[in-house]
Amino acid sequence: MQEKSKYQGWLLAGLYNGLQKLSIPIFGVLSTMILAHGALTKPEMGVWTIFLTSTSFVELIRQALVKTSLIKYVNHADGEEQRYVLAAALFINSIVTILLIAAITICAGWLASVLNAEGLKPMLYIFAGGMVLLIPFSHFEWALYSKSEFKGLFWVYFFRQGFNLFMIVLYFLLYREVSLNVLVIFFNLGILIGIIVAYLQVKKHLTRTFILKKEWLSSLWHFGKYVFGSGVSTLVFSNASQMMLSPILGSTSFTASQGIANRVINLSDIPSQVLSDILYPKSSKKENAANRERIKFFYEKTVGVALSVNIPIVCFMIAFPKIIILILGGKDYLDAVPYLQCIAITGIFLTFLKYFGVIIDSTGRPKVNFLTISFIALLHVAITYYCIKQFGFIGAAYAAIVSNIIGFIVSQVILYRYFKINIINCFKYAFAFYPEIATMLRDKIKV
103 MQEKSKYQGW LLAGLYNGLQ KLSIPIFGVL STMILAHGAL TKPEMGVWTI
153 FLTSTSFVEL IRQALVKTSL IKYVNHADGE EQRYVLAAAL FINSIVTILL
203 IAAITICAGW LASVLNAEGL KPMLYIFAGG MVLLIPFSHF EWALYSKSEF
253 KGLFWVYFFR QGFNLFMIVL YFLLYREVSL NVLVIFFNLG ILIGIIVAYL
303 QVKKHLTRTF ILKKEWLSSL WHFGKYVFGS GVSTLVFSNA SQMMLSPILG
353 STSFTASQGI ANRVINLSDI PSQVLSDILY PKSSKKENAA NRERIKFFYE
403 KTVGVALSVN IPIVCFMIAF PKIIILILGG KDYLDAVPYL QCIAITGIFL
453 TFLKYFGVII DSTGRPKVNF LTISFIALLH VAITYYCIKQ FGFIGAAYAA
503 IVSNIIGFIV SQVILYRYFK INIINCFKYA FAFYPEIATM LRDKIKV
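Count along the sequence shown starting at 1, add 102, and that's the number in the working numbering.
Errors might be hidden in some of the hints.
What the hints assert, rightly or not - 20 Å max Cα-Cα, derived EDC-like pairs, lysine to aspartate or glutamate: (1) K316 x E183; (2) K530 x E317; (3) K144 x E395; (4) K306 x D437; (5) K433 x E317; (6) K144 x E220; (7) K305 x E317; (8) K315 x E183; (9) K491 x D437; (10) K424 x D437; (11) K223 x E183; (12) K306 x E251; (13) K424 x D434; (14) K249 x E183; (15) K327 x E161; (16) K522 x E395; (17) K305 x E183; (18) K305 x E220; (19) K144 x E279; (20) K144 x D434.
In short, the hints are calculated from the structure, not lab data.
Turn these sequences into a full structure, and let the hints guide you.
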């Protein structure tokens, strides 16, 4: 029985996490369809895409400095010490958020000018006002992650994203258009709803004491600073073209088309996101982090399971890009078809790259991850600039393919050096997963 269901534990652990990760892009796709099909003009869609990219920078900076180290040290600390870890994480979270609010307020006008995004400045001001809400929201969210409370996380994001979508639909039905500033207000209100739901889910884990200890502040900060560098580099790698298209080509319309395609790409990345949230706490545990064979197994198995889902999705995107774009954005966004067809292939390489960072960080080598991802990100920026200049919009896709191939080669060389990881085993696990899941589902149906 154990042999038949060797993936069952991970599948059950990932069910609600998968639903949570799935709800975010699905709500995003639905809101994009409403906005792209009439609520916003194409240039406005481009500004909205740039705004969402800016918020992802903010969120990643905060997560990199706090979330990863919080999960790592909560899993290392005993019951008494865990409250000190949570207190240190909340303190760093608050300071970092306040500094980011100041930075956004000061730089909003400059960013709008550099990115050629008319209307971005007031949007960033409104978002900066709502960023205070991110302090309790993210603290509750990360505490739930550290306890693997994926069911609670699902409801948090379901209500946060669902409320945002509901308000967009209601406003559009009433007024037949939605302004960019109103969208940001809905975005902030969604965070507030998320706080309420998150507190109800996490309150049983809160100690209601706040005791700062210097050693835990130092530990979280020391670990987080390298993860922060890696996170910023990862975000640069993922979003360089979104920030470069409008300044180089002179219109946010190209960013809008790219944003439509990226919504689809985000769906293909869900399996990787789900499994990485399960893998990181597992590989961070003391008994696992020092066990090379177990880490090798975790990486190969997790990548294999993710690939088993990613490969069919990538094939579908390559085969039917026009249908996807017409449904999501309409005929005004058909220039995104060749871009989507090219960029889809990167979904395979990104699976390997995502788990490279997870494994390297969780086994106590954040500096290695930082240096590797920073090198790849800087190279990607240079390649992206050249390709957009030479080939226009489609050049962003060419740059992504080249950069992903280089990143894949570099990361696999490093993983083989540390853990003797074999990419062939990843594909073996991928194809072995299909009969395993079929057997498990058949057994469930019989029961």
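Tested hints:
no. : hint        : verdict
1   : K316 x E183 : holds, 13 Å
2   : K530 x E317 : violated, 44 Å
3   : K144 x E395 : violated, 51 Å
4   : K306 x D437 : violated, 50 Å
5   : K433 x E317 : violated, 57 Å
6   : K144 x E220 : holds, 13 Å
7   : K305 x E317 : violated, 26 Å
8   : K315 x E183 : holds, 10 Å
9   : K491 x D437 : holds, 17 Å
10  : K424 x D437 : holds, 10 Å
11  : K223 x E183 : violated, 43 Å
12  : K306 x E251 : holds, 11 Å
13  : K424 x D434 : holds, 12 Å
14  : K249 x E183 : holds, 15 Å
15  : K327 x E161 : holds, 15 Å
16  : K522 x E395 : holds, 9 Å
17  : K305 x E183 : holds, 18 Å
18  : K305 x E220 : violated, 42 Å
19  : K144 x E279 : holds, 13 Å
20  : K144 x D434 : holds, 8 Å
Consistency with the previously given hints fails for numbers 2, 3, 4, 5, 7, 11 and 18, ordered from lowest to highest.
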